[in-house]
Amino acid sequence: MTEAQVVIIGAGAAGVAAARRLREAGVAALMVEARERLGGRAWTTEAAGFPVDLGCGWLHSAERNPWTKIAEAAGQKIDKSLPPWARPASQLSLPATEAAAFRAALVRLHERVDAYPQDEPDKSVADFLEPRGRWNGLLDAVSTYYSGAELERVSAHDLANYEDDGVNWRVASG
Numbered sequence: 001m002t003e004a005q006v007v008i009i010g011a012g013a014a015g016v017a018a019a020r021r022l023r024e025a026g027v028a029a030l031m032v033e034a035r036e037r038l039g040g041r042a043w044t045t046e047a048a049g050f051p052v053d054l055g056c057g058w059l060h061s062a063e064r065n066p067w068t069k070i071a072e073a074a075g076q077k078i079d080k081s082l083p084p085w086a087r088p089a090s091q092l093s094l095p096a097t098e099a100a101a102f103r104a105a106l107v108r109l110h111e112r113v114d115a116y117p118q119d120e121p122d123k124s125v126a127d128f129l130e131p132r133g134r135w136n137g138l139l140d141a142v143s144t145y146y147s148g149a150e151l152e153r154v155s156a157h158d159l160a161n162y163e164d165d166g167v168n169w170r171v172a173s174g
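Read in order, the letters of the sequence shown are residues 1 to 174 in this note's numbering.
It should be emphasised that the hints constitute simulated quantities derived from the structure, not laboratory data. Some hints could be false.
List of simulated lysine to aspartate or glutamate pairs, EDC-like, C-alpha gap at most 16 Å [claimed, not checked]:
#, residue 1, residue 2
1, Lys123, Asp158
2, Lys123, Glu111
3, Lys123, Glu150
With the hints as extra help, turn the sequences into a complete structure.
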């Protein structure tokens, strides 16, 4: 390799994407990773003969996600069936009226975050919870599922920019 013009620290999704873009632009880049594997938080292992995702588990907004093409080019089988989390909220083990109340609280939270001006200093999403709101604990727990962190650690600006077209596919092998 020629001398690197750019050094990329980390070979997770962002590091790999940066390396690809730099290469496409003709920039010599060196990507370094502390782990013995690529992928960052995307990590699948095997347990009892089944793939278990210990990091990301799906291709979010899969029809426009560049990782979908990367996975397909690598020969990975893409499972395009409706994922379990897209099924009705009965999986919350709540009566239908309670599940609807939770979903309404989630929608209101997102509306408050979306209404916060992007030119204002960033805040945590926890700042947008209803004071003493009945669903705050569950909203915080659910946040760890889709954001990877409690609401206190999630940027309101980042959440407002979160793009979701509702099409989420899984890589069959994890």
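The hints, checked one at a time:
no.: 1; hint: Lys123 with Asp158; in the structure: holds (10 Å)
no.: 2; hint: Lys123 with Glu111; in the structure: holds (15 Å)
no.: 3; hint: Lys123 with Glu150; in the structure: holds (13 Å)
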